[in-house]
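Those protein sequence lines, which keep their order, are chains A and H.
All residue numbers for the first sequence refer to this note's numbering, where the first residue is 1 and numbers rise by one.
All residue numbers for the second sequence refer to this note's numbering, where the first residue is 1 and numbers rise by one.
The hints are simulated quantities; they were obtained by calculation from the structure and are not laboratory data.
As the structure is a computational prediction, the values presented were derived from the model and not from experiment.
Ideal Cβ placement from N, Cα and C applies to all residues, glycine included.
One thing to keep in mind: the hints can contain errors.
Over 12 Å on every C-beta distance to chain H, these chain A residues come out as not near it, computed from the model [claimed, not checked]: (1) N105; (2) T134; (3) K224; (4) E225.
Cut-off 16 Å, straight-line C-alpha distance, at most; resulting in silico cross-link-like pairs (EDC-like, lysine to aspartate or glutamate) [unchecked claim]: (5) H:K222 <-> H:E23; (6) H:K235 <-> A:D208; (7) A:K171 <-> A:D208; (8) H:K233 <-> A:D208; (9) A:K49 <-> A:E19; (10) A:K84 <-> H:E59; (11) A:K121 <-> A:D65; (12) H:K63 <-> A:D130; (13) H:K235 <-> A:E207; (14) A:K49 <-> A:E26; (15) A:K48 <-> A:E6; (16) H:K74 <-> H:E105; (17) H:K74 <-> H:E96; (18) A:K121 <-> A:D95; (19) A:K84 <-> A:D130.
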Amino acid sequence: MPTFFEAKQLVTPGEILAEGEYQVGENTYLEGGKIYASRIGLVDCDNKKVNVVALRAFYVPKPGDIIIGSVIEVGFNGWTIDIKSPYTAMLRASDVLSRPFKPQNDELSQVLDAGDLIVAKIASYDRAHDPQLTVGEPGLGKITRGQLMRVIPTKIPRIIGRKGSMISMIKTETNCQIILGLNGMILVTGKTTAEEELAMAAIKKIEDESHTSGLTDRITQLLKEEKAKLEPKVEPNPEENKQ
Amino acid sequence: MNDKQEKLIDKKGIRLDGRKADELRSLKMQVGVLPNADGSAYVEHGKNKILVGVFGPREVHPKHLSRPDRMVIKCRYHMAPFSVPERKSPAPSRREVELSKVIRESLEPALFPELYPRTGIDVYIEVLQADGGTRCASITAAALAIADSGIPMRDLVVACAAGKVEDTVVVDLYDAEDKLGAADVPVAYMPNLNAVTLLQMDGILTPDELEKAMNMAIDGCKQIYVMQKEALKNKYMNVKEENKEEEPEE
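Please work from the sequences and hints to get the whole structure.
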């Protein structure tokens, strides 16, 4: 029952990872008693379970996921939503309106129009049906302000960090609210554009370097340096006024 | 004809372009060259220059082509008008339609179409310069682009040809050998699963020669596979080296 990799090794699709008493984890498959990688990524082994943390992947809907999507089309009794996945999602009108939906009374495009962005939860999804969304929970619904960015969906856990350490650090350092859509869409809302951009730069760095270690320290450093650059800009102004 | 035959391979067994019988042309591969595509690759195989862009999985248009139980794979092999000495009409020719099908079928065993029902992927192969063996170089490049796009794969697919020139079995034929030689055997191969996904033969070979040609082609595939893996990893290794990380490479 050997394994054929070192921890955190970069593997390509088809590379043999383990044989025998191991279990198939994410982005791996079993054939003829051997476990192979199915995506490019970093391998690790957790309790006999061989996982590949993919460096490139797309989002596959899962019920319960919080995602960020945009309205493609306003339909007769709901909206078609692009969730950056192979499948487009549906949002029913009766889910958004807290009262029964009557087509003759309600104009759907006044609630959400094409191009509007929403934070939503996947209510249901299976192989045979496109995902259904819901916004009937606190924190979900139409996005009115902030900046949006897109990352590779498998990087989201890295951005969250161990027990949310990474994301809470970025939040406190930049004073931004950040909503991580599991489909890779991220909403950053701060008091100033500069703060939002700093948070986005930090997230971008995590995405690009997610497969390296010691990342938390580098992100802390980046945030400190960039924040130092932001602050002097605010301070000189009162001094100039004094003179 | 005798004149030509003497040119193709000399007494020492050196071929017209200076290679030995079992020597490949030089290869260069790069991954992620097209930011607009979900996955992309650029391969130079001798004088062949091939660019591949992969899109998807995404909704299939027109809708009736989608399958409720699996992902459909669309593949388009196309030669640029300037890829050959005589201008090639940009309209898809009989040969290109056939090669598109052949390449699609050689890639399909490497994928998991049942995982993403009702979707499709598009593989666009553009031959910028052709010098014999473009179908093999296209398969190599397409497999790289698919891996780069994050579509799950059983294995990378590598392709290499072998054939007969002047009664000698040689590997990786180029244009002149392909046209004047006796036979051409392109082979696509999944190295880790030890499975052949494409085997064609153009010309006449004895059973022994065919076996020898196939083995040579598979050996060639294995050599190309090493470079393919390298190319995929290179995209991410650069970042790693910059940060002076431990290098967990074999």
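- Query: Can you name, in rising order, the numbers of the hints this structure does not satisfy?
  - Reply: Per hint list: single violation, 7.
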